[in-house]
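Peer 1: Numbering-wise (our numbering), the sequence shown opens with residue 1 and increments by one.
If you're looking for bench data, these hints aren't it; they were derived computationally from the structure.
Heads up, a few of these hints could be off.
Stated by the list, open to error - Capping the alpha-carbon separation at 20 angstroms, the derived lysine to any residue pairs in SDA-like fashion look like this:
no., residue 1, residue 2
1, Lys39, Tyr27
2, Lys152, His98
3, Lys41, Phe55
4, Lys41, Pro7
5, Lys94, Asn67
To be verified - So the derived label-pair ranges between C-beta atoms look like this:
no., residue 1, residue 2, range
6, Lys113, Asp143, 37 to 47 angstroms
7, Lys136, Lys113, 32 to 42 angstroms
8, Ile141, Glu16, 16 to 26 angstroms
9, Asn28, Asp143, 38 to 48 angstroms
10, Ala75, Val140, 30 to 40 angstroms
11, Asp10, Lys152, 28 to 38 angstroms
12, Gly138, Asp10, 31 to 41 angstroms
13, Lys6, Gly116, 12 to 22 angstroms
14, Glu51, Gly116, 34 to 44 angstroms
15, Gly32, Lys113, 24 to 34 angstroms
16, Arg47, Asn127, 33 to 43 angstroms
17, Gln144, Asp10, 26 to 36 angstroms
Glycine is no exception: its CB is placed at the ideal position from the N, C-alpha and C atoms.
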Amino acid sequence: MITVYKPRLDELWFRESLMSDKETMSYNDAWGGTIPFPKEKWEEWYRAWLEAPEFQRYYRYLYDGKNDRFVGELAYHYDGQRDIHLCDVIVLAKYRNHGFGTTGIQLLCKAAKSNGITTLYDDIASNNPSYELFLKCGFVIHDQNNAVIMVKKIL
Numbered sequence: 001m002i003t004v005y006k007p008r009l010d011e012l013w014f015r016e017s018l019m020s021d022k023e024t025m026s027y028n029d030a031w032g033g034t035i036p037f038p039k040e041k042w043e044e045w046y047r048a049w050l051e052a053p054e055f056q057r058y059y060r061y062l063y064d065g066k067n068d069r070f071v072g073e074l075a076y077h078y079d080g081q082r083d084i085h086l087c088d089v090i091v092l093a094k095y096r097n098h099g100f101g102t103t104g105i106q107l108l109c110k111a112a113k114s115n116g117i118t119t120l121y122d123d124i125a126s127n128n129p130s131y132e133l134f135l136k137c138g139f140v141i142h143d144q145n146n147a148v149i150m151v152k153k154i155l
């Protein structure tokens with residue numbers, strides 16, 4: 001069974017490994033690729049993301065209970081400049097194409113709706129085929145240019 005899991009501070013090792021995995025983060029090459037997430041930043045990041053009101057920020061691991069492992073992360077946050085909630089779903093590269101992304105998007109949408117969010121958006125690099133997964137999960141293309149495809153779903 002695939003579920004969302006609210007990590008403890010000492011479990012941010014998974015996020016650190018996810019952000020540093022070159023294959024997983026290849027979708028982010030246009031914006032720098034891997035993202036450093038050293039242990040000395042964990043506490044501040046944890047307070048900002050996991051102790052924030054869930055209308056403003058939401059962060060969870062995607063947990064594969066059958067195999068007792070974290071397989072990805074789910075998040076959304078309020079972007080005040082654009083007055084929208086942006087979501088983020090990342091599945092560790094070695095676990096892709098097993099349905100985790102679809103389940104993750106569905107679980108994230110359910111959580112957002114239960115937290116009073118009415119619409120989710122995501123900015124996806126135009127060369128990243130994952131936008132098709134979002135379309136499969138009921139998102140539509142809201143805007144598009146040479147660099148970014150913005151998808152949107154009314155919850």
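Peer 1: Hints first: check each against the structure and report whether it holds.
Peer 2: For each hint, the structure was consulted:
no., hint, result
1, Lys39 x Tyr27, "violated, 24 angstroms"
2, Lys152 x His98, "violated, 24 angstroms"
3, Lys41 x Phe55, "violated, 23 angstroms"
4, Lys41 x Pro7, "holds, 15 angstroms"
5, Lys94 x Asn67, "holds, 14 angstroms"
6, Lys113 x Asp143: 37 to 47 angstroms, "violated, 22 angstroms"
7, Lys136 x Lys113: 32 to 42 angstroms, "violated, 18 angstroms"
8, Ile141 x Glu16: 16 to 26 angstroms, "violated, 33 angstroms"
9, Asn28 x Asp143: 38 to 48 angstroms, "violated, 20 angstroms"
10, Ala75 x Val140: 30 to 40 angstroms, "violated, 21 angstroms"
11, Asp10 x Lys152: 28 to 38 angstroms, "holds, 36 angstroms"
12, Gly138 x Asp10: 31 to 41 angstroms, "holds, 35 angstroms"
13, Lys6 x Gly116: 12 to 22 angstroms, "holds, 18 angstroms"
14, Glu51 x Gly116: 34 to 44 angstroms, "violated, 18 angstroms"
15, Gly32 x Lys113: 24 to 34 angstroms, "holds, 32 angstroms"
16, Arg47 x Asn127: 33 to 43 angstroms, "holds, 34 angstroms"
17, Gln144 x Asp10: 26 to 36 angstroms, "violated, 41 angstroms"
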